[in-house]
Amino acid sequence: MNSKANAKSVIVQIICLLYVLLFVYAAASKLFDFENFQVQVGQSPLLSAFAGWISWTVPLSELIIALMLLIPKFRNPALLASLSLMSMFTVYIYIVLHYSSFVPCSCGGILEKMSWNAHLIFNIAFVLLAILAILLQRAYFEDRLWPRKCSIQIKILGCLLLSAATIIVLFLWSDGIMRYENPFIRRYPNHAATPLDQKDLKFNSYYFAGFAKGRLYLGNVTAPLELLSFDAELNNPRNEKIIFDPKDIPFTRVKINVDGPYFFLKDGSVPIIFRGSTSDWKIRTEFRGLPYFDLAEPFDGNTVVFRSNNAKNQDNIIGLYQKENVQKITYRNSFLQKQIDGIFDTDGKLLYDVQTDKIVYVYFYRNEFIVADKKGNINYRGHTIDTISKAKIKVSNLENGTVRKMSAPPLIVNSNAAVFRNLLFIHSKIKGRYESGKLWDQGFIIDVYDINRNAYLMSFPIYGIGKEKLKSFVVTSSYLYAIIGRDIVIYDLKSTLKREMKLAAPAVDQQ
Numbered sequence: 020m021n022s023k024a025n026a027k028s029v030i031v032q033i034i035c036l037l038y039v040l041l042f043v044y045a046a047a048s049k050l051f052d053f054e055n056f057q058v059q060v061g062q063s064p065l066l067s068a069f070a071g072w073i074s075w076t077v078p079l080s081e082l083i084i085a086l087m088l089l090i091p092k093f094r095n096p097a098l099l100a101s102l103s104l105m106s107m108f109t110v111y112i113y114i115v116l117h118y119s120s121f122v123p124c125s126c127g128g129i130l131e132k133m134s135w136n137a138h139l140i141f142n143i144a145f146v147l148l149a150i151l152a153i154l155l156q157r158a159y160f161e162d163r164l165w166p167r168k169c170s171i172q173i174k175i176l177g178c179l180l181l182s183a184a185t186i187i188v189l190f191l192w193s194d195g196i197m198r199y200e201n202p203f204i205r206r207y208p209n210h211a212a213t214p215l216d217q218k219d220l221k222f223n224s225y226y227f228a229g230f231a232k233g234r235l236y237l238g239n240v241t242a243p244l245e246l247l248s249f250d251a252e253l254n255n256p257r258n259e260k261i262i263f264d265p266k267d268i269p270f271t272r273v274k275i276n277v278d279g280p281y282f283f284l285k286d287g288s289v290p291i292i293f294r295g296s297t298s299d300w301k302i303r304t305e306f307r308g309l310p311y312f313d314l315a316e317p318f319d320g321n322t323v324v325f326r327s328n329n330a331k332n333q334d335n336i337i338g339l340y341q342k343e344n345v346q347k348i349t350y351r352n353s354f355l356q357k358q359i360d361g362i363f364d365t366d367g368k369l370l371y372d373v374q375t376d377k378i379v380y381v382y383f384y385r386n387e388f389i390v391a392d393k394k395g396n397i398n399y400r401g402h403t404i405d406t407i408s409k410a411k412i413k414v415s416n417l418e419n420g421t422v423r424k425m426s427a428p429p430l431i432v433n434s435n436a437a438v439f440r441n442l443l444f445i446h447s448k449i450k451g452r453y454e455s456g457k458l459w460d461q462g463f464i465i466d467v468y469d470i471n472r473n474a475y476l477m478s479f480p481i482y483g484i485g486k487e488k489l490k491s492f493v494v495t496s497s498y499l500y501a502i503i504g505r506d507i508v509i510y511d512l513k514s515t516l517k518r519e520m521k522l523a524a525p526a527v528d529q530q
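Each residue of the sequence shown is one higher than the one before, starting from 20 at the first, in the numbering used here.
Hints were generated in silico from the structure; no laboratory data involved.
There's no promise every hint is true.
Unchecked claim - Simulated restraints on C-beta separations: (1) F53 <-> P91: 27 to 33 Å; (2) I268 <-> T241: 16 to 22 Å; (3) K411 <-> A47: 23 to 29 Å; (4) D334 <-> P280: 31 to 37 Å; (5) R400 <-> D219: 39 to 45 Å; (6) N258 <-> D334: 38 to 44 Å; (7) I196 <-> Y226: 23 to 29 Å; (8) K218 <-> L458: 21 to 27 Å; (9) I196 <-> S408: 35 to 41 Å; (10) D267 <-> D460: 48 to 54 Å; (11) Y311 <-> Q358: 19 to 25 Å; (12) D219 <-> A144: 49 to 55 Å.
Claimed, not checked - Within a straight-line C-alpha distance of at most 27 Å, the following computed DSSO-like cross-link-like pairs (lysine-lysine) qualify: (13) K218 <-> K368; (14) K457 <-> K218; (15) K218 <-> K409; (16) K490 <-> K413; (17) K393 <-> K347; (18) K409 <-> K490; (19) K488 <-> K513; (20) K409 <-> K488; (21) K232 <-> K221; (22) K393 <-> K232; (23) K490 <-> K457; (24) K490 <-> K221; (25) K424 <-> K488; (26) K411 <-> K486; (27) K411 <-> K450; (28) K457 <-> K488.
Here the structure is a predicted model, which is why all the values come from computation and not from measurement.
Quick reminder that beta carbons are idealized off the backbone N, C-alpha and C, glycines included.
Can you make the complete structure from the sequences, with help from the hints?
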């Protein structure tokens, strides 16, 4: 009888020592590289919103439990705590593997050397060891642990269910906070977009003109009537020449938009917009009666959303031009909201998405974007996840107030943007919490938002080419194209991103 009891005691002690070694090693790994551990927790798809306190609570709990396991008086309660903590770790890994939108990096120590599936098996083994130790200590848990009338099996099951419920609640709670009340913590899925190819354009004067019929079109500010196009994979380059005699029109900044069967030649300094067909690249239609504009996005062949200046105070204003039997211009006076001067503080990127028929405007100097229908009626004013709600710019009035200029470098919040279907992609210039400085040194950070739900989804880096800057980018259903310096780079969008794309009806799919 004594030998049987001694054998049980030895097994329990061995299990306790294994837990001590595991917890001490894991806690030490986290604390010695605490900044990296905190970054990893901050980028977790389950616990991002609670990274601040979880990053401290987990290693401290591991050390406290390890100490309790070494003290005979507290060994049995510590076994229950070990079972609970390891069960939480196990449920966390299971949710990451089966229900998370992406799988993050591992979190320290030997865990970084293991795959997530191996990590899951490892944890399950330790859960079973804790259960074995508790069963071998049956007398203590049946006589002392509340409620006494429950069997030891019911108590173990209750502990497992409570641990699982805790992680599930934290997951759902954190996910809601990250999507709709984000405390400026980015989520970085592994390989959301990976580079496929890169081509030297020879000149840094190219810009994206559009995507139509499976081809990507680039305009060139130094050769305004010429277009360079590639197929979806950046192969089969082709040059197109727009057939047009500008006569005596005083063009100064011509831009081309390619949209389905049409292309548009526009210059807001004239102001004028021409429309032609991509079948022969001939201009046939002129949009007359436009006001001066600095931004314009044509759509549906006959409508243009543009940004102009208010005649009274020169503030930026959004308008819509419709080419019908009777040409019509409608201004949306409350679309752009003035904070400082009405010009620089409302500067931004004007976008139109043909798949969802939505107008999107992204401010450069504040954490705000606007989503509106094709008539310019605002659906909502959304916010990016950073905290810059008011433009940090300084404006000086020169020449008796007739000229306004920035008197100090502005703080750029959103540098550029693109929209495709329900997803808004924003190139952010503001570093978030728990982020590696090395990542920001090496690349450009793209934040992704679901404009249907007004929710933040994820972020991913576009890695730079030397010291060249990201000039612009566009997105299709399969790829992201970026102009960096004088190079064009194609990135393959992985399933993590594609799953978030919702096809509106009616829809026009582009590659």
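Q. For this structure, which hints from the list above don't hold up?
A. Violated: hints 3, 7, 9 and 15.
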